[in-house]
Amino acid sequence: MKMTKIVRTTADLFFPFCLVFGLYVVVHGHLTPGGGFQGGAVMATGTALLLVARAYDDVTGRIRKGAMKACEAAGLLIFLCAGFSGLFAGRPFMANWLAPAGQWFRTFVAHGPNPGDLNTAGLLPLLNFGVGIEVLGGLTVILLYMLSGIKEEKK
Amino acid sequence: MMDTFVMRHLPALLIAVPLFAAFLMPIVGNAGRVARNAWVLLGALATSAVGLALAWKVLATGTVLYVFGAAAAHLPLPMDSGGIPIRIVFQVDALSALMVVIASLSSLGITIYSLAAESRQSGLETFYAMLFLLVAGVLGMVSTGDLFNFFVFLEISSLAGAALVAYRVDNGVAVEAGLKYALLSTLGALAVLTAIGILVGQYDALNLATLASRLQFTTLDKIALVLLAVPLAMKCGAVPMHFWTPDAYTTAPSSVTAFLVVSSQASLYGLFRILFTLYGHLLQFSWATFGWFLIVVGVLSMFVGVTMAIPQKDVKRLMAYHAVSQTGYMLLGVGVGLAVLGNADALATYGRTAMAGGLFHIINHAMYKGLLFLTAGAVFYRAGTRNLNKLGGLGHDMPWTMVFFMIGALAIAGVPPFNGFASKLLIYESVFRFSPFLSIVAMIVSILTLASFVKVFHSMFLGPRRAEFAAVREVPAPMLAGMALLAVFVVAAGLAPRPFVDHLIQPAVDALVDRAGYIAAILGGS
Numbered sequence: 005m006k007m008t009k010i011v012r013t014t015a016d017l018f019f020p021f022c023l024v025f026g027l028y029v030v031v032h033g034h035l036t037p038g039g040g041f042q043g044g045a046v047m048a049t050g051t052a053l054l055l056v057a058r059a060y061d062d063v064t065g066r067i068r069k070g071a072m073k074a075c076e077a078a079g080l081l082i083f084l085c086a087g088f089s090g091l092f093a094g095r096p097f098m099a100n101w102l103a104p105a106g107q108w109f110r111t112f113v114a115h116g117p118n119p120g121d122l123n124t125a126g127l128l129p130l131l132n133f134g135v136g137i138e139v140l141g142g143l144t145v146i147l148l149y150m151l152s153g154i155k156e157e158k159k
Numbered sequence: 218m219m220d221t222f223v224m225r226h227l228p229a230l231l232i233a234v235p236l237f238a239a240f241l242m243p244i245v246g247n248a249g250r251v252a253r254n255a256w257v258l259l260g261a262l263a264t265s266a267v268g269l270a271l272a273w274k275v276l277a278t279g280t281v282l283y284v285f286g287a288a289a290a291h292l293p294l295p296m297d298s299g300g301i302p303i304r305i306v307f308q309v310d311a312l313s314a315l316m317v318v319i320a321s322l323s324s325l326g327i328t329i330y331s332l333a334a335e336s337r338q339s340g341l342e343t344f345y346a347m348l349f350l351l352v353a354g355v356l357g358m359v360s361t362g363d364l365f366n367f368f369v370f371l372e373i374s375s376l377a378g379a380a381l382v383a384y385r386v387d388n389g390v391a392v393e394a395g396l397k398y399a400l401l402s403t404l405g406a407l408a409v410l411t412a413i414g415i416l417v418g419q420y421d422a423l424n425l426a427t428l429a430s431r432l433q434f435t436t437l438d439k440i441a442l443v444l445l446a447v448p449l450a451m452k453c454g455a456v457p458m459h460f461w462t463p464d465a466y467t468t469a470p471s472s473v474t475a476f477l478v479v480s481s482q483a484s485l486y487g488l489f490r491i492l493f494t495l496y497g498h499l500l501q502f503s504w505a506t507f508g509w510f511l512i513v514v515g516v517l518s519m520f521v522g523v524t525m526a527i528p529q530k531d532v533k534r535l536m537a538y539h540a541v542s543q544t545g546y547m548l549l550g551v552g553v554g555l556a557v558l559g560n561a562d563a564l565a566t567y568g569r570t571a572m573a574g575g576l577f578h579i580i581n582h583a584m585y586k587g588l589l590f591l592t593a594g595a596v597f598y599r600a601g602t603r604n605l606n607k608l609g610g611l612g613h614d615m616p617w618t619m620v621f622f623m624i625g626a627l628a629i630a631g632v633p634p635f636n637g638f639a640s641k642l643l644i645y646e647s648v649f650r651f652s653p654f655l656s657i658v659a660m661i662v663s664i665l666t667l668a669s670f671v672k673v674f675h676s677m678f679l680g681p682r683r684a685e686f687a688a689v690r691e692v693p694a695p696m697l698a699g700m701a702l703l704a705v706f707v708v709a710a711g712l713a714p715r716p717f718v719d720h721l722i723q724p725a726v727d728a729l730v731d732r733a734g735y736i737a738a739i740l741g742g743s
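Taken in sequence, the protein lines are chains A and B.
Here the first sequence is numbered in the numbering used here, starting from 5 and rising by one per residue.
Here the second sequence is numbered in the numbering used here, starting from 218 and rising by one per residue.
These aren't lab readings, by the way, just hints derived from the structure by calculation.
A quick note: this is a predicted structure, and the numbers were derived from the prediction, not measured.
Treat each hint with caution, since some may be false.
Cβ-to-Cβ under 8 Å is the rule here; a few derived chain B residues that face chain A [claimed, not checked]:
1) 226
2) 229
3) 233
4) 418
5) 420
Sample of chain B residues at the chain A side, in silico, Cβ under 7 Å [said to hold, decoys possible]:
6) 236
7) 237
8) 290
9) 634
For each residue, glycine too, the CB sits at the ideal point set by N, CA and C.
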């Protein structure tokens with residue numbers, strides 16, 4: 005049985021919002037509750053929404069497993085390279101060398117109520133980004149594998 | 218040499234290099250077979266080189282500290298932390314160095330071997346990515362100085378191990394074994410996590426050395442000890458919690474099985490670390506009790522393992538039970554050391570020797586058991602069956618595999634001049650001073666092991682050529698190279714055990730006994 009047009013259209017409309025909200029959680033990882041993992045999971049929820057509302061083959065046309073696997077690897081590599089970058093700044097692995105010294109993200113997060121300055125916390129936003137991309141890719145691949153059994157029933 | 222960029226960051230590279238190799242694998246895998254194999258080989262060589270260099274540095278200059286994310290890698294206590302190591306610290310002492318050497322040698326051998334052995338399978342980039350993750354997990358477990366970090370690496374190695382066990386689906390048999398392994402590992406890890414929670418709740422610290430210095434041995438600490446010791450004993454395959462080993466070791470690809478042995482030894486390392494370093498002198502009124510706990514579990518493992526191995530028909534299942542049995546020797550040796558820890562005389566006369574025997578057996582076991590699993594994999598690769606009743610006459614066409622099997626089989630049975638004899642002799646002699654009965658049991662188990670492997674040797678390699686194995690020939694060169702790497706160690710450590718014992722094992726024993734030294738390395742001369 006096909007889902008109704010209302011459900012399908014709503015899912016299509018919601019999908020970009022899922023991504024944007026997930027991205028918001030990732031980007032504000034160092035300021036608000038949540039972070040790379042949570043944001044990535046929210047983004048992957050968009051895929052789950054599409055999978056439930058539409059047929060599996062319909063979704064794989066838009067979201068490809070290969071691309072998601074590449075996302076996963078890229079996220080992990082960003083994380084690792086961020087770790088390595090500490091070494092080349094003359095500090096240990098994973099050192100937050102950007103925070104007081106670098107060009108971007110150089111200031112610390114202000115104490116107490118603040119407007120939420122994104123340009124803070126050194127390496128942490130980068131790490132959140134890596135994790136976010138990784139979780140988006142990984143969870144989407146898992147979802148695609150787990151829900152690949154969803155087929156349209158033959159009348 | 219000592220202060221180059223790489224040498225300074227060895228502990229970080231120890232984890233980062235295999236992780237990097239694993240993470241880039243899906244991308245390199247798209248570039249074709251040659252590129253993938255080259256990347257795998259490069260990753261394995263780099264990982265082993267880093268591991269061996271780190272071990273050399275530790276043995277030459279003493280404990281190496283590495284503080285992740287700090288201003289300087291060798292200062293565990295930040296100025297404003299109030300004397301608490303707040304960051305993740307890698308603390309690689311001589312005992313960790315021993316385990317790192319084991320993992321480095323073994324991982325190199327099995328990776329070279331699997332380049333040829335797995336070449337007929339699909340999904341290889343995932344396979345190698347998981348293999349590198351498993352290696353990274355094991356290396357992390359043995360070098361971290363942080364209890365929660367230990368849990369993380371335990372999980373990494375468990376999950377990667379479970380995925381690898383299930384890699385050859387094998388009509389669902391392997392998947393079942395993988396699921397079993399994953400379930401038990403997760404249960405064990407949950408218990409470990411609970412114990413960590415109990416300790417953090419009381420002492421506000423995750424660092425092993427800090428926890429060790431603060432531990433009061435309250436009732437909660439005793440519960441935490443049980444919750445830490447039992448899962449780790451399970452993960453190293455000690456009877457009566459050995460039931461996952463035959464399934465997991467049998468169905469995993471042989472190269473993976475050889476490294477699962479190392480992975481369970483990393484759990485053994487964790488068990489020793491918890492008992493000696495974390496609890497250590499707090500057990501002083503019950504050293505004998507805990508020593509006897511290890512001894513009883515060890516003797517049970519030895520005896521149950523070998524008696525279960527004898528009737529097996531599947532060659533890898535048989536070897537898996539022997540792995541359980543050999544783990545018993547390590548537990549017995551170190552258990553005797555723990556039992557006499559409070560008695561300086563006994564410790565000096567035979568306790569240290571027993572521990573040296575137990576620790577030496579860890580590295581020897583990793584090498585000869587790895588070698589045996591690899592030969593079993595080679596036989597399966599060519600003959601297509603692991604059933605001993607169906608195999609036979611393979612010695613005509615697989616001479617090198619046969620030679621490697623003989624080396625491994627004689628080593629596991631404790632026949633000179635192979636490395637198994639060297640470590641077992643240390644155990645026999647010292648345990649005899651402690652309790653002659655235990656020593657006799659150990660010898661009987663060795664005799665049964667020999668009997669069992671004579672049977673395997675006979676039914677796999679001897680006899681006339683068989684028609685159904687007419688197409689069998691020697692395995693490809695990379696598989697032989699992987700086996701040769703382990704075989705060379707087996708023979709070398711058997712012919713000249715003295716340098717190994719003096720430069721690798723004795724420092725590890727000293728590190729295991731020297732609890733104050735471990736704490737002082739972090740907190741300064743307390």
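Hint by hint, here is what the structure shows:
Hint on residue 226 (chain B) holds. Least Cβ distance to chain A is approximately 6 Å, under the 8 Å limit. Taken as an interface hint, residue 229 (chain B) checks out: its beta carbon lies about 3 Å from the nearest beta carbon of chain A, inside 8 Å. Interface hint status for residue 233 (chain B): upheld, as the beta-carbon distance to the closest one in chain A is roughly 6 Å, under 8 Å. Of the supplied interface hints, the one on residue 418 (chain B) is violated, with its beta-carbon coming no nearer than about 23 Å to a beta-carbon of chain A, more than 8 Å.
Checking residue 420 (chain B) against chain A: minimum C-beta separation of about 25 Å lies over 8 Å; hint violated. Below 7 Å, beta-carbon pairs count as interface contacts, and residue 236 (chain B) has one with chain A at about 6 Å; its hint therefore holds. Interface restraint check for residue 237 (chain B): the shortest CB-CB distance to chain A comes to about 6 Å, inside 7 Å, so the restraint holds. Below 7 Å, beta-carbon pairs count as interface contacts, and residue 290 (chain B) has one with chain A at about 4 Å; its hint therefore holds.
Below 7 Å, beta-carbon pairs count as interface contacts, and residue 634 (chain B) has none with chain A, the closest being about 43 Å; its hint is therefore violated.
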